[in-house]
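The numbering of the sequence shown is the working numbering, which starts it at 1 and goes up by one.
In case anyone wonders, no lab produced these hints; they're calculated from the structure.
Certain hints may be false.
[Stated by the list, open to error] Calculated pairs, BS3-like style, for lysine-lysine (alpha carbon to alpha carbon, straight line, at most 25 Å):
no.: 1; residue 1: Lys172; residue 2: Lys206
no.: 2; residue 1: Lys203; residue 2: Lys232
no.: 3; residue 1: Lys57; residue 2: Lys77
no.: 4; residue 1: Lys178; residue 2: Lys190
Computed from a predicted model, the values in this text were never measured in an experiment.
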Amino acid sequence: MKKLCVALGLAIGSIHASYAEPTATPQVPGYYHHQFGNYRVTSLLDGTIYLNPDLFKNLNQAQKTKILTKYAAVNEKGIQTSVNAFLVDDGKSLTLVDSGAASCFGPQLGSIAKNIELAGYKLADVKTVLLTHLHPDHVCGIAQNGKAVFPNATVYAHEHEADYWLNPASEKTVPADKKENYLGTVKNVKTALAPYQAKKAFKTFKDGDVIQGFEVIDTRGHTPGHHSFRLKSNDQQIIFVGDIVHSHSLQFDAPKTGVDFDVNSEQAINTRLKMFAEISNKQQWVAAPHLPFPGIGHVYKVNAEQYQWIPLYFDNVVEK
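All chains should be modelled from the sequences, with the hints used to inform the complete structure.
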């Protein structure tokens, strides 16, 4: 009997081990079409990452755990976070808002170009790339191996954003404990932009500009030149918010929660509060690169201190 128990124990242990680290299996293609007025907005999944809860500021551990538990978002890997981009088709041209990380953050990201093609589009048909800011998970996707991923596109970023990452004088403004990350980002930004700069296909925009129908909105704080884009069609509006929010749980339940990636935390929080209030009041559509894929939905005001993310309802067909 003792030998039998030992044998069973070994067998159970073996079975447990075989299931403890399952082989990763890809999901279905990461794109979703959403008809917005006269535009088709296609959400594109670059991949999924897990953020250390310690990166989120102004909440203690107990508060974080309470909120994450409420949203069934407790995960030993960290806070699950999507990286999304958005392709907008107006029937005549294609505009890409943000571009994913390509190979800048490892193999778990880098699927934007592939998913554009799986969604039925050609990379060469993208005419405009609008970047909310120049962090690697938004800009690296425009280039691969020194070549432009979108050979016929003009790439845009705000003039203050370009200055912060491309002007050597900006390094002096960066705190010592942030300098290593800053310089690493600068390297990635320069590499991504280089093939476009070489053919004068990188341009900057200013506050108040309108590019291909996209209205530029000042949402700085996360970075010095962070901007969002508003698109209108008939009586609808959709805002491509960029990184004003990184968590559908912590930063909606407690919108004064900062994140370590913010260059100016206080300004980023104030921007989020302002935008959440405006978006929820006007019931505008939102397209967000770090909310659960497909990252499109609405912001609902729960009370004076809290909001809630309401994702769109999945539709198995899309209108033409």
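Status of each hint after checking the structure:
no.	hint	in the structure
1	Lys172 <-> Lys206	holds (24 Å)
2	Lys203 <-> Lys232	holds (23 Å)
3	Lys57 <-> Lys77	holds (19 Å)
4	Lys178 <-> Lys190	holds (18 Å)
Of the hints listed earlier, there is not a single one the structure fails to meet.
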